[in-house]
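Please model the entire structure based on the sequences and the hints provided.
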Amino acid sequence: MKTDIQIAQEATLQPIKEVAATIGIEEEDLELYGKYKAKISDELIARSHNNPDGKLILVTAINPTPAGEGKTTVTVGLGQAFAKLGKKAMIALREPSLGPCFGIKGGAAGGGYSQVVPMEDLNLHFTGDFHAITSANNLLAALLDNHIQQGNTLGIDPRQVVWKRCLDMNDRVLRNVVVGLGNKMDGMVREDHFVITVASEIMAILCLAEDMKDLKRRLGRIIVAYTFDGKPVTAEDLQAVGSMAALLKDALKPNLIQTLEHTPALVHGGPFANIAHGCNSVRATTTALKLADYVITEAGFGADLGAEKFFDIKCRKAGLHPDAVVLVATIRALKYNGGVLKDELSNENLEALKKGIVNLEKHIENLQKFGVPVVVTLNAFVSDTEAETAYVEQFCKEHDCEFALAKVWEKGGEGGIALANKILETLEKKESHFHTLYSDDLGLKEKIETVAKEIYGADGVTYSPAAERELKRITDLGMANFPVCMAKTQYSLSDDAKKLGRPTGFKINVREVYVSAGAGFVVAVNGSIMTLPGLPKKPAAYGIDVNDDGVITGLF
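Just so we're aligned, residue 48 is where the sequence shown starts under our numbering, counting upward by one.
There may be inaccurate statements among the hints.
Label pairs and their in silico Cβ distance ranges [what the hints assert, rightly or not]:
#, residue 1, residue 2, range
1, K135, D488, 35 to 43 Å
2, K500, E478, 25 to 33 Å
3, S511, N98, 19 to 27 Å
4, E559, G229, 26 to 34 Å
5, Q197, G175, 46 to 54 Å
Keeping only pairs whose Cα atoms sit at most 20 Å apart, straight-line, the calculated DMTMM-like set for lysine to aspartate or glutamate is [to be verified]:
#, residue 1, residue 2
6, K64, D168
7, K458, E478
8, K546, E398
9, K416, E478
10, K152, E445
11, K364, D100
12, K152, E167
13, K554, D506
14, K82, E308
15, K492, E515
16, K64, D297
17, K296, E283
18, K296, D258
19, K401, E461
20, K402, E445
21, K263, E308
22, K296, D431
23, K296, D76
For the record, the hints were derived by calculation from the structure and aren't laboratory data.
All C-beta atoms, glycine included, are put in the ideal place defined by N, C-alpha and C.
In structure tokens:
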């Protein structure tokens, strides 16, 4: 059986200008990064602004398991299937982070015969967007420390610096560091911290900004520290906005690549959903909606994280109105939730399936709360039996949602036609009545508790003293109308990764809260989740190599 990277490397790619032409994009509106990658020009985005919007289809999933769900694979395969049906379709995805590429999860280009390519470029440096975001983040950090060193005319309290440095790598030793060691000219000694680039506020801002003007406005609002008398200090106060925007000028433009079947894909931005808001850029999604009749996008990890944030943050901020949502599950993952060990998942086990399907049930219920029609798809494996598949299909019918099998890993777009037809049928007969889970005027605690109770199934929420103090400060600063971005383990509906299925009788613990004033949301950090992950005992990096001809192996 061929690996994903072998399939990708054996594919024949079309020049990106030919792919662009299929969606009506002229070569003059492309900024080429070689033959197979390009950025979309600001002029095209502006020119297409008055075009009617296509249909927006979100792909999400149950909680991830070691068995794998294949959400990106389904997203890509579904886009290919729409193209096979003669529909004008585009895919809108996030860019992969180097952290999981060299860590445990691998890349984010899809899999099998439903991938976006060039796979190696996408999973590694791509067009340099993450480098630009990291650089802008760390420029602001450098300007902040330099201001303190050069006299501190703003009266910044070094004990209340809240801006963190970042890098796009899993490196746990940098979570908590001391900077300024050495002599007086090396800066003030203080505690500092790193987050992974995909959790930085700059990433969120880039993904939510409509244009350069909006980007600069959001950058200016970033709170980096507080003064000795408790007043916020912003990036604008530090005169950092212009130089940060200059670094982000090209990164603001969406990237165009293709699938293995040459369906156009806009891949732009990459916040994680477990520690950030988990959606590709608003610019990429809204541009795709103006260029295509059907746009298939995804949100990170399970629907309790990615889909909730897609609806409550991205759609709220950008005025998006999703038309349907696809919920991806696998028989294997459902049996894992039912207590089956990873090496026994290939055996038929209807009892475990019935026990584990409660995880799917909760996600169906959650998605229905947003008023969007739901289609459940099983990402098929050869080990699935007819009895298991039939049970899941009947379960979905009993829970008022549509069902279709997806065989896109094995068959590409052809394997997604049943799912694409089911979505088209759903769009015809069911109207979306999308609404967010909570209103802007709820208090921050009420918003956190609404998500915890309604989406996670928690009995309530507890707060650390530090979280209580920060919630009060954010409210006093007039930012209680912001939505909340929950940082939580992806492996469970609860904040305990070991609680599989549909846990009950638990409370969510909020240990830390901070405001991303430029992005326009408040982050609540739950349980033991880390905003800078570490590497596993055997990192994926051990298996990655490049030969004398420059051919990369080991990426997945």
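Structure versus earlier hints, numbers of those that do not hold, lowest first
3, 5, 7, 10, 19, 21, 22
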